[in-house]
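> If you want the building blocks of each chain, they are given just below.
There are 2 protein chains.
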Amino acid sequence: MIETEFKNDVFSNVMLKRHSVRHFDRSCKIDRSVLTEIVKEATTAPSSCNLQAWHFVVVDTDQGKEKLRKIFMPFNHPQLDTCSAMVVLFGDTDAFKKYRDLWQGMYEEKKITKERLDTILGTFLPIYEKADRTLLTADAMVDASLAAMQFMLDARARGFATNPIAGYDATKMALAMGLDPVRYVPVMAIAIGKPDESQKELVSTRYDVKDVLEFR
Amino acid sequence: MIETEFKNDVFSNVMLKRHSVRHFDRSCKIDRSVLTEIVKEATTAPSSCNLQAWHFVVVDTDQGKEKLRKIFMPFNHPQLDTCSAMVVLFGDTDAFKKYRDLWQGMYEEKKITKERLDTILGTFLPIYEKADRTLLTADAMVDASLAAMQFMLDARARGFATNPIAGYDATKMALAMGLDPVRYVPVMAIAIGKPDESQKELVSTRYDVKDVLEFR
Numbered sequence: 003m004i005e006t007e008f009k010n011d012v013f014s015n016v017m018l019k020r021h022s023v024r025h026f027d028r029s030c031k032i033d034r035s036v037l038t039e040i041v042k043e044a045t046t047a048p049s050s051c052n053l054q055a056w057h058f059v060v061v062d063t064d065q066g067k068e069k070l071r072k073i074f075m076p077f078n079h080p081q082l083d084t085c086s087a088m089v090v091l092f093g094d095t096d097a098f099k100k101y102r103d104l105w106q107g108m109y110e111e112k113k114i115t116k117e118r119l120d121t122i123l124g125t126f127l128p129i130y131e132k133a134d135r136t137l138l139t140a141d142a143m144v145d146a147s148l149a150a151m152q153f154m155l156d157a158r159a160r161g162f163a164t165n166p167i168a169g170y171d172a173t174k175m176a177l178a179m180g181l182d183p184v185r186y187v188p189v190m191a192i193a194i195g196k197p198d199e200s201q202k203e204l205v206s207t208r209y210d211v212k213d214v215l216e217f218r
Numbered sequence: 003m004i005e006t007e008f009k010n011d012v013f014s015n016v017m018l019k020r021h022s023v024r025h026f027d028r029s030c031k032i033d034r035s036v037l038t039e040i041v042k043e044a045t046t047a048p049s050s051c052n053l054q055a056w057h058f059v060v061v062d063t064d065q066g067k068e069k070l071r072k073i074f075m076p077f078n079h080p081q082l083d084t085c086s087a088m089v090v091l092f093g094d095t096d097a098f099k100k101y102r103d104l105w106q107g108m109y110e111e112k113k114i115t116k117e118r119l120d121t122i123l124g125t126f127l128p129i130y131e132k133a134d135r136t137l138l139t140a141d142a143m144v145d146a147s148l149a150a151m152q153f154m155l156d157a158r159a160r161g162f163a164t165n166p167i168a169g170y171d172a173t174k175m176a177l178a179m180g181l182d183p184v185r186y187v188p189v190m191a192i193a194i195g196k197p198d199e200s201q202k203e204l205v206s207t208r209y210d211v212k213d214v215l216e217f218r
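In order, the protein sequences belong to chains A and B.
Going by my numbering, the first sequence opens with residue 3, and the numbers climb by one from there.
Going by my numbering, the second sequence opens with residue 3, and the numbers climb by one from there.
Don't read these hints as lab results, they were simulated from the structure.
Be a bit skeptical, because a hint or two may be false.
[Said to hold, decoys possible] Below, simulated DSS-like cross-link-like pairs (lysine-lysine); rule was C-alpha separation at most 25 angstroms, straight line:
#, chain 1, residue 1, chain 2, residue 2
1, B, Lys196, B, Lys31
2, B, Lys132, A, Lys174
3, A, Lys132, B, Lys72
4, A, Lys112, B, Lys202
5, A, Lys112, B, Lys19
6, A, Lys9, A, Lys202
7, A, Lys113, B, Lys19
8, A, Lys19, B, Lys19
[Stated by the list, open to error] DEER-style ranges, computed between Cβ atoms:
#, chain 1, residue 1, chain 2, residue 2, range
9, B, Pro76, A, Val205, 39 to 47 angstroms
10, A, Leu123, B, Thr125, 42 to 50 angstroms
11, B, Lys100, A, Ile129, 31 to 39 angstroms
12, A, Val205, B, Asp33, 26 to 34 angstroms
13, B, Pro76, A, Arg71, 44 to 52 angstroms
14, B, Asp171, A, Glu117, 23 to 31 angstroms
15, B, Lys100, A, Glu68, 36 to 44 angstroms
16, A, Ser29, B, Gln65, 54 to 62 angstroms
17, B, Leu204, A, Pro128, 17 to 25 angstroms
18, B, Asp134, A, Val205, 25 to 33 angstroms
[Said to hold, decoys possible] Stretches of chain A that chain B covers, calculated by requiring three or more beta carbons in the stretch to come under 8 angstroms of a beta carbon on chain B:
#, stretch
19, 7-13
20, 40-53
21, 56-65
22, 110-116
23, 140-154
24, 176-190
25, 200-208
Just so it is clear, the structure is predicted and the values come from calculations on it, not from any experiment.
Positions of the beta carbon are idealized from the N, C-alpha and C atoms, including for glycine.
With the sequences and hints as input, model every part of the structure.
This is the structure we're talking about:
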C-alpha cells in the first residue's frame, strides 16, 4: 500500500488554500525518496483509458538546473534558482504501446473480465493505433495535467509549495532533458520547495464562477 | 470566503482512495447550487498566466443528456444514464481576451505592482495575442485539466464519485452544447453522482513509479 506522510491532511486546507509560490528557501533540499513518493501518489490520477501518458523528469542538480535556465524565460529564473527541485512534466505520445500488456495484466489479476479485455483491446487500442499526432498529444497533455494537479496538492499536504510554469522554450525542452522530442511533449514545469516566508506572494484573482459555468 | 461542506475532509483518503465509478445511483439528484460550489472550488486551480481558460457545461436535464447520448460512445452510456450530472469541460481559446481587464483589476486591488502589471501586459499578453491556435488549444486543455482534477477531488470530499470520460465525438461536442466550436475545445466529460453500491467497480492498475520518473 501507499505509505505517506502528510503534515497537513485536511483536504479543504490543502486544496482551497493552495496558491503558487515563486520564492523558495534555498536551504531546503527534498530527498529523492520523498519526490518519488509524491510522483507515485500523483499518478493515482485517472487517465484516458488508463494510458497513464505522463512522464516526470525531476531536476534537482545544479547541472540539470543549468540546462533549464537556458530555455526558461527570465521571469521564471527566481523559481528555478531557489526551488528544491524543478519537475518537468511531459506527455508520452507512445504510452499506447504498453497498453496491451497493461490491460492483459489487469485481466490476469482478475480485475477485469475477458469480455471487458476484448472490448478494451478491440475498441480502444485501435483508436490509439490509428490516431494522429494531434490526438495523441492532446490526450497525453490531459493525462499529465491531471497528475500535475495531484502533484501540487500532494506536495502541499507534505508542507511544500509549488509553482506550475509554462514560460520556457517548449521546442527545446525534451532534448534539454535528454528525451526523444518526437515521443515526449512538454506539458509544464513545477517548482517545488519550502516557501521563503520573507517574500509576499501573489494570490491571484479568479473569475466569478458564473462566468465559466452554464447548465444544460 | 469560500463556504463548503466536506463530509470527507481527509486529504489522503480523498486523493489516494479515489477511483472512477461507472454506475451511479439513479435516484440521486445534486442541487445546482452544490454543483456550482464544486466548480467554484475546482477553479481555485492554477492556470497558465492565470488565464483560467476553462469553461464548464453541467448537463443535468434529460434533454441535455439526450444530446450527449448521440455523440457518446456506447461504452459510456451507462455513466450518462445513471449519473446525477455530466459535466462537459471545455478549453476557452479566447480566454486571453479578458486578460488585460483581469490583471488591471488585480493591480487596482493592489495585489500586484505597476511594474508587475507592465511585465504581464507587455510580455505575456502579446504571446497570446500572437499565438497560433495550436498553442491556445494546448494551454486551454492544460488549464481545464487542472480544474478537472480538482473538480473530481472536491466531488469526492463531498461524498460523490466521478468518472472522467474522453469517449465521445469531440468534433460535435461544442455545437451539441450550444457553444462556438472554434472558441471552445472539448477537454473531457466528467460524470458525477452517488455510487451504485451494488456494482463492483474496477480499480485500475498503475505503472511502477520508476517507469514514469527520471532524475536529472
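> Taking 25 angstroms as the top limit, are the C-alpha atoms of B/Lys132 and A/Lys174 close enough?
20 angstroms, holds
> Please check whether A/Leu123 and B/Thr125 have a Cβ separation lying inside 42 to 50 angstroms.
48 angstroms, holds
> Would you mind confirming whether the straight-line C-alpha gap from A/Lys19 to B/Lys19 stays at or under 25 angstroms?
Holds: A/Lys19 and B/Lys19 sit about 22 angstroms apart, inside 25 angstroms.
> Report holds or violated for chain B covering the stretch 110-116 of chain A, Cβ cut-off 8 angstroms, minimum 3 residues.
holds (count 3)
> Does the structure keep B/Lys196 and B/Lys31 at a Cα separation of 25 angstroms or less?
Roughly 9 angstroms between the alpha carbons, so the hint for B/Lys196 and B/Lys31 holds.
> Against chain B, does the stretch 7-13 of chain A show at least 3 residues with beta-carbon separation below 8 angstroms?
holds (count 5)
> Go ahead and decide if the range 26 to 34 angstroms is satisfied by the Cβ distance of A/Val205 to B/Asp33.
For B/Asp33 against A/Val205, whose Cβ atoms are near 29 angstroms apart, the range 26 to 34 angstroms holds.
> For the hint 54 to 62 angstroms, verify it against the beta carbon of A/Ser29 and that of B/Gln65.
59 angstroms, holds
> Honestly, do B/Leu204 and A/Pro128 meet the 17 to 25 angstroms range at C-beta?
21 angstroms, holds
> Given the hint of 31 to 39 angstroms, check if B/Lys100 and A/Ile129 actually sit that far apart at their C-beta atoms.
35 angstroms, holds
> For a C-alpha distance cap of 25 angstroms, please report whether A/Lys132 and B/Lys72 respect it.
Distance ~23 angstroms between A/Lys132 and B/Lys72 Cα, so the pair holds.
> Quick one, are A/Lys112 and B/Lys202 close enough, alpha carbons at most 25 angstroms?
12 angstroms, holds
In summary, this structure violates none of the numbered hints.
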